[in-house]
Amino acid sequence: MDRKHFFRAFIPASLAALSVKQAFSSPIGEGKSANQPFSSTNIPRYLQEGDTVAITCPAGPVELEKLAPCIRSLRNWGLKVVFGKTVGKKWQRFGGTDPERLIDFQQLLDDPNISAIIFGKGGYGTMRIIDGLNWEKFQQDPKWLVGYSDLTVVHMHVHSNLNIPTIHGDMGNGFSIEDESCVSLYNTLFGHKVLFELPSSVMNRTGKATGKIVGGNLTLVHACAASKSDIDTTGKILFLEDVSEYKYSIDRMMMALKRSGKLDHLAGLILGQFTAVKQEQEETFNMRIEDIIWDKVKNYNYPVCFNFPAGHIADNRAFKMGIPYNLAVGREWVTLAEAEIPRYGHDLEVVQDSKTDSNSFASADNLRDSTIRRR
Amino acid sequence: MAINPPYLHKKDTIGILCPAGFMPIEKVQTCIETLHSWGYKTVVGKTVGSQHHYFSATDEERLHDLQQMLDDDSIHAILCARGGYGLSRIVDQLNLKKFKRNPKWIIGFSDVTVLHSYILKKTGIASLHAPMAGAFNEGEFTNVYVQSLRSALAGKHAKYTCAAHTYNYPGSTVAPLVGGNLSLIVHQLATASDIKTAGKILFLEDVGEYIYNVDRMFYQLKRAGRLDKLAGLIIGGFTDSKDTVVPFGKSVYEAIHDVVKEYSYPIAFNFPVSHEKENYALKIGVDYDLKVGTKQVRLTEA
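If you're matching them up, the sequences are chains C and S in order. Heads up, the first sequence is in our numbering, so the first residue is 5 and it goes up one at a time. Heads up, the second sequence is in our numbering, so the first residue is 191 and it goes up one at a time.
I should point out that these hints are in silico values taken from the structure, not numbers from a laboratory. Ideal Cβ positions, reconstructed from N, Cα and C, are used throughout, including at glycine. One thing to keep in mind: the hints can contain errors.
The calculated lysine to any residue pairs, modelled on SDA-like cross-linking and capped at a C-alpha distance of 20 Å, are [to be verified]:
1) C:LYS94 to S:ASP418
2) C:LYS141 to C:ASN117
3) C:LYS93 to S:PRO437
4) C:LYS89 to C:ASN177
5) C:LYS232 to S:ASP418
6) C:LYS141 to C:ASN167
7) C:LYS282 to S:TYR400
8) C:LYS70 to S:VAL436
Covered, in the sense of this in silico footprint (three residues per stretch, anywhere, with C-beta under 8 Å from a C-beta of chain C), are these stretches of chain S [said to hold, decoys possible]:
9) 251-260
10) 274-280
11) 375-389
12) 430-438
Input sequences plus hints: build the corresponding full structure.
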């Protein structure tokens, strides 16, 4: 694989080094007007220079020093940064007691001067407080919420209860230099369209799909089952990633998704990174992660994309959850791009290409793929 | 209340199999001999002694072994030799038609929680959360916990007691008992083996989990509404609990207590149901009388 072309159409490498602000100039929304109701989805207003972004820690604790690269980037983008009271706090393994984290999150959610919230850190703790949050003000005046891992709970909760999009991306403690994941977050926050293009894996199942991206960290998707944050995955593109899990546990969680019908009617499936997989003393679960997952979805027809660059890795690309994307998994390349968004009114019909179109799109690919895979 | 399968008589046959993880035949030997000494015959399934990667055999083979024993009228009870992981991979494919007409006791715990829950949900038939083959080894086949399985199979009504624990909530209730391994109980939420807990006595145990993960699983149960309408709660052993580099700051019982302290139903901590030898046979789906006193906890089959 030619590493240079890993994201050939995403962003020219030379531009990444320049000021990211100059690299893109095609915002999707038009300032405040992006707040129009759309398919009963309220899209938060994209950021502009001068806007204020807040950092809070609803899960694990983060020290202020660890946020320095994040703060530098945000300021570099022309944003003001404010800190919730949980930043720098620590109570046991959390960024404050449950009430402290809840109040901090609530205040920032309700503050009309704050245009986006970037969570400080994942870890564990969001589901201890999420049912205590009041979303009324947020629903009237939504803002971007940025995070992943333990914050999957927020993505799922907001998606299933409020139908407001959120951003799956780096958190406060995850910024380093202005690398490509950082650029992708900038573009996503500021409303610049991002096109992902990556080489296709032989494990992939070809096909096309359009649907909202939902999901996140497999453990948390699993942990939200039957709760108020549980999601309906029908017609959606499900995204999953995980870190530090045993293979048997990944298998078991995938079985739970399958048994609860969450894999039955997907438009498509995107697998991010499954990193730091734990080893048992005598590891007898000697299947690759890809095979463990493939085993659960092999009998469906929707496109499946492995090795998407998101998860617990340095290059964790940002994308929006709860907004329709077009996924095209071909034999050579995979592309993922935001679907065209109608500006006003009309409900968007989510086209489930996976069942109908995929045949015409890549029947030859399917044939070829099935022979490769079964080898 | 669930339907009790017939209790066993001398010369009845117990089928032994491994529906999840693998187990060498020599580790099942003492269990077989003990069952013989109790007056039962045994039949050993193809999944005992074999290994397929993590499992005792392929999904198809494990399913087939279990299905055959469920359907075989000459087998009067099925003892799962060990847990591990694997039942949720096959349980939805079981055909319980014959079993429903001719129910038999299914014995096991840990991963077998999935089978207990599935059978209770699909057929309303009771099963036995009880020691498996490993618990018979190292001379332990005479201990009260293994003997409690013997009594249960023979149809004797159980009367268990244990010491009170500081976190207990005193009170008493009579209700059907459900539960098992915490990881598996949360694992099957929203699936075909998801059990309703309202009005029931829920018992939970687990082994080798991180404290934060136990905390998360209890929040999961709470958020799924599985804790708020219980008749009672029994917390078994949470043995070999692990902590993270950043300590959780609480013991595993403290963490559980913090999640359940808002409820007013009787709660008993440190009840002898666990992955250690302290593991009384409990009939899932059957009515029990739970009395949590200031000095003692009593669990009696109603």
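Quiz item: Of the hints given before, which are not true for this structure?
Solution: 1 and 9
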